[in-house]
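**Q** As they're listed, the protein sequences go chains A and B. If you count the first sequence from 1, position 238 lands on 238 in full-length UniProt numbering, and the numbers rise without skipping. If you count the second sequence from 1, position 409 lands on 409 in full-length UniProt numbering, and the numbers rise without skipping.
One or more hints might be untrue.
A pair counts as met if it fits within one copy or between any two copies, since identical chains are not told apart.
Stated by the list, open to error - In silico BS3-like cross-links for lysine-lysine, where the CA-CA straight-line distance does not exceed 30 Å:
#1 368 with 150
#2 426 with 150
#3 69 with 403
#4 421 with 150
#5 248 with 35
#6 396 with 426
#7 150 with 403
#8 150 with 405
#9 248 with 69
#10 272 with 413
#11 421 with 35
#12 394 with 69
I should point out that these hints are in silico values taken from the structure, not numbers from a laboratory.
There are 2 protein chains.
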Amino acid sequence: MNWQPNRQRDTSLQQQIVQWITALVERGDWVAGTKLPTQRQLAMQFGVNRSTVQQALEELKAIGLLESKVGSGVYVTHNSWHALIQQTQPNWQTYIETSIHKPNYHTIQLINEYEQREDVIRLGTGELAPSLLPTEAIEASLRELSFQPKALGYSSPQGNDHLRAAICDYVRKRGIVAEPQQVCIVSGALQALQLIAVGLLEQGSIVFQEPTSYLNSVHPFQSVGMQMVSIHRDEQLAQTLSQRKRKKQAVFYAIPTLHNPTGQVWTSLEKKQLYEACQASRIPIIEDDVYHELLFEATSPPIKAMDSSGQVLYIGSVSKTLSPGLRIGWLIGPTTVIERLADIKMQTDYGSSAISQEIVLHWLQSGKYESHLASLRQHLQDRAHFTEQILQGKFKDIATWSKPKGGFYIWLKFHEPLIDKEFFMKLLQQQVLINPGYIYDPQDHHHIRLSYAYATYDELQEGLQILHKCVVEALLQ
Amino acid sequence: MNWQPNRQRDTSLQQQIVQWITALVERGDWVAGTKLPTQRQLAMQFGVNRSTVQQALEELKAIGLLESKVGSGVYVTHNSWHALIQQTQPNWQTYIETSIHKPNYHTIQLINEYEQREDVIRLGTGELAPSLLPTEAIEASLRELSFQPKALGYSSPQGNDHLRAAICDYVRKRGIVAEPQQVCIVSGALQALQLIAVGLLEQGSIVFQEPTSYLNSVHPFQSVGMQMVSIHRDEQLAQTLSQRKRKKQAVFYAIPTLHNPTGQVWTSLEKKQLYEACQASRIPIIEDDVYHELLFEATSPPIKAMDSSGQVLYIGSVSKTLSPGLRIGWLIGPTTVIERLADIKMQTDYGSSAISQEIVLHWLQSGKYESHLASLRQHLQDRAHFTEQILQGKFKDIATWSKPKGGFYIWLKFHEPLIDKEFFMKLLQQQVLINPGYIYDPQDHHHIRLSYAYATYDELQEGLQILHKCVVEALLQ
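One chain only, chain A, in its complex shape (with noise of 0.2 Å):
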């Protein structure tokens, strides 16, 4: 989308924009229904004036081939299109329209969207800084590699043997005991989710989980017909479990330590709780760890640690700690299950990079991950300490917080209900990304998921006060 109209040409601006456009409805590449961008958008990226924009549209609203939709923006029409290319092409709107999978939230795909944008400052970015990621040391590993002919060619099912058994050994200091054909390697925690969804569960299938959630931010178990349960963790926790469960599969899905985006830790005592909720009613948990490698202060071991009888499938993942672009993390579970879903992988992607591997088995091996990691936990202390001061200035008589204890998040909750789409637009605006809370829970509009892992000093500064401005505006209206 980098074209241009070129100002040599004898051709008008506005000709050459309308020319582009009737090629791109032609050739199928807005296909019917398609949104334009802004004018503004449009204006910037063609280098012209936002009048010669409006008047091309204009010409092809005229000829039928775009629409406005009041309130709404400019589309390519249905007619038009149809009668441009003369009924050859798919309808791919009604091919997208009725598939199985739903698409990511709006508000997901504009942080999505925006994530990519470098004028933006980003408040609720769930990733390591590029600063905090060891870039340089990555590429010095990359010299230190060798393989095997046999390592770049197709994976066993279950992931490279030698990763696995390092895994093991890794997650034994957690107080795991797993061998390796217990692990699967998976790329990052997601795909373990979406192969537990399709390898374990049956629609209709319930996942019990909490009412402010990570997993209602992203879709694997309800697109494909999964029904999510919220539900609180209470002395009433055991019954209703056996209730809600009746005759369907059920699985309860928890971020036990250093949960996303609460940042909260369970106790040692919390933990046992639902183990046992669980057992009660042979539910399988899913205990996403993704984080812990970020705890500032050691706490108790994870619920893995205490499971005797192969109920607990455990994820954890290099993507929070040593860079999400090797897309590497792990499944531990009983070995049926790893087995069947390794199967599931090999049909859904046979296996993750390879490279990937060697060089995530070389960092747990080498020890440069155990020192990594210390070194980042004090960066994101740091952050978290200077972010903490920041609020506790600018911010104490409008919300409230926990001292973080680790991770990437301050789960910042405003006393005011403010925390809707159009203050998550009005901020976007302001080249201010944050997370809200509602795409976490959708009844709330008091949160939102302050990242101190992402943006510079700086921008946490500026955004953070940007932030406050336009909480204050919010409240005087």
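Chain A is already provided as a structure; the job is to place chain B on it using the hints.
**A** For chain B alone, coordinates are given in the frame of chain A:
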């Protein structure tokens, strides 16, 4: 599973085996319904006599932990398992059996399993031999890579921008005109099919394919409820398509260049006929073109090159040419469709390995890829020639085949319908692994997909000799 009983211990070997198996069941590693390895396999693993294994299994059957099913094998019982662990473990077997995704066919699971073994001659493997992979050159290229820190973060939804631009340049040589926003990087061609299945089709959608099809050996569409319809490409094609399509969405899957498994190459006319027949019914075409770089002689452009209205979804990959371990392929189609599929990919695995993407970019841009391909084609041609000579000497009275035009395969057709599961297993007992025709067409008992790409020359010689002997034996029965 490398455990062996310890001969130094006071406990008898038999008793140690009983305890080991009990522990596996207790800790949920062998769940109810698990089939045990054969006595012969267990005896080999344990390094004990088969009678010792037999006595241990009898003891476990006596206490009700295991049970024999006649003609099928020994299984972990449902009862004893309940008794042992007091109904606390989730009933994993039920989870697995009722879940959405189908397991691989047993023959394919066996192929996946035996492909991991060193002592097996692989006559069917659709993969380059380790000696054909440019391992050292890939290692060397790792030393030349340097990353922007952002490159190691989460990828943009459609994948590395530079790689997508390089792919556009690359496919232009095939006559395909595409812009980077029409390209989505995927973790291999199979993932592209998976994304199309859930992102563009609804349950019950029709996937048209040729009667003999790679798609019958994998499940991207079947597992999400699509209906596979085999169709012959003949003069009635247009009519058949329009009749069969009716109200459901439909898509046509084709491998026009070096078809898997048959090795066929369509003529320009055949491609045009399919394109027009599908256009008449507005059916999108999935053009799987992962083998075209391996053509021994140039052929006509792909269907995508004649696609003027965004009707063809084009799939490419480096898995067959550079390294399957990289897990990098690409999908090219109309922008709206690509954005949709990229959105789903973000929900599935947050993108492909950043390092793998950088490697492929480097190989494309530096010209290393093209010069590697030239040498690879020569190696494959030599291997094809060698294999044909063996066939000419030994198989010409019992089978027919066509001279390969490129790629990996000879679609070897035996005069008699000998190739069934029993034949497959018989060869496997002699450490020879084949890809029988029935995994590509359940009705087909005449063919095997012979690959000259994987086995060494010696192995090809020896494997084909064993294959010949088995065929002759079967003919005499």
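**Q** Next step is simple, just say for each hint if it's right about the structure.
**A** Status of the hints after comparison with the structure:
With identical chains, the CA atoms of residue 368 and residue 150 are at most 30 Å apart both within one copy (25 Å) and between copies (21 Å). With identical chains, the CA atoms of residue 426 and residue 150 are at most 30 Å apart between copies only, with a shortest distance of 27 Å across copies and 53 Å within one. When the C-alpha separation of residue 69 and residue 403 is checked against a cutoff of 30 Å, the pair qualifies neither within a copy, at 47 Å, nor between copies, at 59 Å. Taking identical chains as interchangeable, the C-alpha atoms of residue 421 and residue 150 lie at most 30 Å apart only when they sit on different chains, with a minimum of 28 Å there against 51 Å within one chain.
Proximity of residue 248 and residue 35 under a CA criterion of 30 Å is satisfied inter-copy only: 25 Å between copies versus 41 Å inside one chain copy. Taking the shortest Cα distances, residue 396 and residue 426 sit within 30 Å of each other inside one copy (22 Å), while across copies they are farther apart (76 Å). Only between protomers do residue 150 and residue 403 lie at most 30 Å apart by alpha-carbon distance; the minimum there is 29 Å, versus 48 Å within a single protomer. For the homomeric pair residue 150 and residue 405, the shortest alpha-carbon distance between copies (27 Å) is at most 30 Å, but the shortest distance inside one copy (43 Å) is not.
Proximity of residue 248 to residue 69 under the C-alpha cut-off of 30 Å is restricted to the inter-copy arrangement: shortest distance 29 Å between copies versus 44 Å within a copy. In this assembly of identical chains, the alpha carbons of residue 272 and residue 413 lie at most 30 Å apart only when taken from the same copy (29 Å versus 61 Å across copies). Proximity of residue 421 to residue 35 under the C-alpha cut-off of 30 Å is restricted to the intra-copy arrangement: shortest distance 19 Å within a copy versus 53 Å between copies. With identical chains, the CA atoms of residue 394 and residue 69 are never at most 30 Å apart, being 42 Å at best within one copy and 72 Å at best between copies.
Comparing the model with each earlier hint shows violations of hints 3 and 12; every other hint is respected.
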